[in-house]
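Use these hints to put chain B onto chain A, whose structure you have.
In the order they appear, the protein sequences are chains A and B.
The first sequence begins at 0 in numbering that gives the first Met the number 0 and counts up one residue at a time.
The second sequence begins at 0 in numbering that gives the first Met the number 0 and counts up one residue at a time.
None of these hints come from the bench; they were simulated from the model.
Note that beta-carbon positions come from the ideal geometry of N, C-alpha and C, so glycine has one too.
Careful: at least some of the hints might be erroneous.
[Said to hold, decoys possible] Sample of chain B residues at the chain A side, in silico, Cβ under 8 Å:
no., residue
1, Thr31
2, Gly225
3, Ile514
4, Leu517
5, Leu543
6, Phe596
7, Ile650
8, Met664
9, Gly667
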Amino acid sequence: MHCDNRLGRWLHSDTPWIWLNAGAVALCLLTLLGILALIGSRGMAHFWPADLLQAQVVHAGQSRRVVGEIIRHEQVSVRRLQQAGLTLATTSPRVGRTLIHGGNRELGDSDYFWLLDSALRERAYPDQLAVFERTRWGPLYGYLRGVSEDGVALQGADGDQARLWQRFERRRQRTAALRQEMEQIESDLLPRLVRRLERLRHQQRPPRERSALTQEQQRLQQRLEELRRQAGRDRFQVELADGRIREFAMSEVIRAYRPNGMGPVDKLKHVALKLWEFLSDSPRAGNTEGGVFPALLGTVLMVLLMSLLVTPFGVLAAVFLHEFAHQGWLTRTIRIAVNNLAGVPSIVYGIFGLGFFVYFLGGRIDALFFPQALPTPTFGTGGLLWAAATLALLTLPVVIVATEEGLRAIPTSLREGALALGATRAETLWRVVLPMASPAMMTGVILAIARAAGEVAPLMLVGVVTQAPGLPVDGNFPYLHLDQKFMHLGFHIYDAGFNSANGESAQPLVYATALLLLLVILLLNLAAILLRDRLRARFRALEPEL
Amino acid sequence: MQVEAPPPGHRRSPPLHNRWLQLRRYKDRLATLLIMLGGLGVILSLLLLLFYLLYQVVPLLAPARIVPLEHSLQPPFQGQVLYLALDAEGQMGVRLTRAGELQFFHPTTGALRRRHPLPLPDDGRIVDLADAGEGLLVLLLSDGTVLPVQRRYTGADGGPQPTIHYPLGNQPLRLDPSGVDRLTATVEQQQLLLVSFQAGRLRQFRFDLRRPDPLPQQAFNLPTPGFEPRKLLLMPHASRLLALGPEGRVGVIPLHGAGESYEVIRASQEEISLFELLPGGRSLLLGDRSGALSQWFFTPDRYDGTRLREIRQYDPLPGPPTLLAARSEDNSFVVLDRAGALALYSLNSSRALLRSEAPGGKVDALALSPPSGELLLERDRRGSLWRLQAPHSEITLDSLWRRIWYEDYDQPAYIWQPASAGSDTQAKYSLAPLVFGTLKAALYAMLLATPLAIGGAIYTAYCMAPGWRRRIKPIIELMAAIPSVVLGLIAALWLAPFLLTHLAAILLLIVLLPISILLFAFGWERMPQRLRFLLPEGWHVIPLLGVIPLVTWLAFPLAQWLEAWLFDGQLVLWLGHQVGIRYELRNALVVGIAMGFAIIPTLFSLTEEAIHAVPRHLSNGALALGATPWQALIWMILPAASAGIFSALMIGFGRAIGETMIVLMVTGNTPIMEFNLFEGMRTLAANIAIEMPQSTVGSSHYRILFLTALLLFLFTLVINTLAELIRQQLRRRYRAL
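One chain only, chain A, in its complex shape:
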């Protein structure tokens, strides 16, 4: 075809194609960056003390005050709003609106609400506006107006916000200490006592032994009552967005701060504090607040257990395939099959784990070793051990392939040298081949760990739950509870993002959890890459000598 204009001629040359392909690379890179940036920013937003907005909302001639955190801002088409039943006096096709988190969920106002930008007037960020993070109902936004003890308002701090705040903080710390003791009794001491009592009852010991424990239990319960009473002593008054003053129990407050008045240093300190809470605390409010410690621990523990299972078996199989099996068509077929098992969908491993490990093996174990507990299953239900075993099976091909690659990279001359010096085959393997292949094994194991840490689908069938009754490791014999259901970061993301009743309020935490999971996996992958490089360097150093 003859084209006489320049563009046409150019389009028939090489360059457009090369540019288009370059565009594909650029798009992939940008998407990756975008995903990471999105998770990073949204995840970190969970920790950052965002400024609190105070504004007047004008609606139908009436004006009311709103207070809250700006979640996001967007442009929507007027038609969509009109369809939703809004009447708008505007000519532009789109208007801006802001999603505000107004908090105070129990007080009837909707927690999150959209406001049109045109309705928001007199925007301000007052220094005294405070956030009270509570054990339930989500955050409370408002002005601190007073502190009272046993129903008597404390005098002398009127008008002096700084002193009032100091007083509030002192009392909050006191209740926090009380709460900590309460938590210890409730979640650690009491359950342990109950478990011991249960065991004694099973063993049919004389009641005398039990009575001491029962007395201890009563004492703890009394102490708990006492603590609860003490913690209920202090209350505080807050002026809400609409001007009402309400009283709240000090014991519900976990943390209080005034973000608008915080300097960058204070904000960073706050971020550190929240980060620590996120990593070390249990979830609150149906997994929408608090920390992810049980999920982090569950993930790490499960992955550790999995690597304990997968490493020896994977290495054994690889050594067998590469060093011992006759290298015929059968071995080649097995090798291809093993390689391809890595591509089998993980949910298939999950269903196998449920059917074989949980129902079949677990059922047998229960019938043999835990008949007294039946029909409540001990191992016959999903748990840490079965999850680890399922994932071990899932990652077995990865370890086998990586180890075999390492074995293949070892020059045959080395093996022959060892054999020529009189070593037996086992000795050659143990002292020459395996040490040299160890970095490859490590790479395999770390790749396996990285894959396992991100896998969620099979775990949903074999033991992951949204709210585990306890940690899989605790101070009670046998310390590591292999039969216990556990929490997992990936499942936490799935659950909190999709099944929690209050979707919007769970979002920051979900992104933060995703960020954490991503960081864990990226670190593991990075380690694998570094190890692989070290392995290669080692062989490069070895080659000239041979």
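Same frame as chain A, now just chain B:
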């Protein structure tokens, strides 16, 4: 490297040395044995995966069997049988004779437990009966009177104890002075509904069972059919009455609802020999004298009414079918013909699951205990007990893939709807919507991923500066490390709402991006040389990293303007109103994008390797002969790498098929068969994740889920193995070059 030293403090005397050598030899053998056993064990345990899946699936396809439990119950029955039943979960046999004796017996031994003569008038006999359900039989006596009898069981240590109860008193009722000729009855909500035919008239009666009052609460005449009914049947909720007439005619008489009128259907050319309702009462089973057997139910017709129509024909029996026994648990039923030949059917499948010539000829009565599947046959006053073994009778390889016409549906359909606890709708297992959903999701993902990954791979392997290649490749491969649950999270919480508001912008970008890249490139080539030399060969990506975000940024206002101009302000609403395309928040487009990005790394990495592995001298030769680089790529390198690229595509497709979390989070998980880009789907993998925790171990549902897992397993295994073989072939060919 040192070999284990001999024991210290000893000189190496020959015997000791020998022993030491022997020890080493033993150790060697032991190690070899251990590794052999361990290695084989691990490989076998991976094989176990396949075998375990098969082991769970195989019972699904096991043929139905009928096993004799007792060939001849002793002692023989007495009296002429009219009615036979297995009650109390198959622990109690019940037999009613024409002479009016109710006999209770042990079904496995035949031992008589109790005999109960019914209060018939002198020399009265039972001519007919209607089973009203809940153990209530309405007997029609030879003098034209009617007697309802109910049997109940009380659990005791010695097994269930029968009690006889006369809900309307133990005096036979004279419903009509002329005496009843035919009747049917049903119990619903403590009410006994009775329809009788006598003297050319149909009459309907309603009795309240809570008050044993021999007088009916209600009695009125019904429209009369133009024939003398041979049998009457009441549909559930007392909606319609079906009357069997001569010469294959069936009359349909509406009981309430004035709009519907009485009609007669010619259901068969032959005389009808079997006329029964199946459990649930929604389907009518007809058998005619030729042995044909068919299912009928009411479906909406063109005029807003309903019509009784033939849904399917079952494999015919050798003779006219006469007896029916059905199980509602798995929708199976047994039919016997006049000569005693037996056939087992599943409601939704035409094929007989089992046929057997019952030895010994004509069967007089038949009873089935639904829970245990035990079948009691009586012929010549001898009972024989059998067990039907068809645990998954509703599933055949055929039924999983075919359109099936279910009760209450207007037409045959592919439906996946596993039975939920506490619901009486039958479970519907069609794998078609799931497989369709899986392929749909994978297809859209491939549509996005293929151009991006292959284009990117071509550029990276062929055009990119080598230093860059080393850096870019691991970065794109890093994408593979992002767990799918995180991709799913972003897609569901961020992308899906974003697409809802900015659909136009995204669709616009698909067109705009390539055009703007080309325009930028054209402009760049026209720049003064000094500027162009700033960008070395193989660095094209760098300016594009700026161009793409800029175009994206510009696309949004442009799309807004376009939407306002062409689409009434918002594309999604416009699609719904003007085009009629449903837009779901979580749809195939979102899945395509999210899963596309999940498979790009795999696809990219394998394709890049395939292209890079093509020996350079091939393209060099082409270049030397005067081809441009692009011509060399298209005509030399890509054909050489095509097998490798194909295998990469297959592996990517395999990944997309098995991906669970993204689909689970991003689609609505509704098992529908719509190709619409803006609607969701349910895939095989997501279906397992959703339904497996709730399914009962060993049930059909459980095994079908295993079957879907097996399908996924085999599919990916075959695809991956093929891809691997292609790659090995390719490697061998390059070695030859």
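Hints, verified against the model:
Here the hint on Thr31(B) is kept, as its CB sits about 7 Å from the closest CB of chain A, short of 8 Å. A hinted interface residue such as Gly225(B) counts as satisfied when its beta carbon comes closer than 8 Å to some beta carbon of chain A; here the least separation is about 58 Å, so the hint is violated. Interface hint at Ile514(B): violated, since its Cβ lies 10 Å from the closest Cβ of chain A, which is beyond the 8 Å cut-off. Hint on Leu517(B) holds. Least Cβ distance to chain A is approximately 5 Å, under the 8 Å limit.
Below 8 Å, beta-carbon pairs count as interface contacts, and Leu543(B) has one with chain A at about 4 Å; its hint therefore holds. Residue-level restraint check for Phe596(B) holds (minimum Cβ-Cβ distance to chain A is 6 Å; threshold 8 Å). Against a cut-off of 8 Å between C-beta atoms, the interface hint on Ile650(B) holds, since the closest Cβ of chain A lies about 6 Å away. At its closest, the beta carbon of Met664(B) sits 6 Å from a beta carbon of chain A; the interface hint therefore holds under the 8 Å criterion.
Residue-level restraint check for Gly667(B) is violated (minimum Cβ-Cβ distance to chain A is 12 Å; threshold 8 Å).
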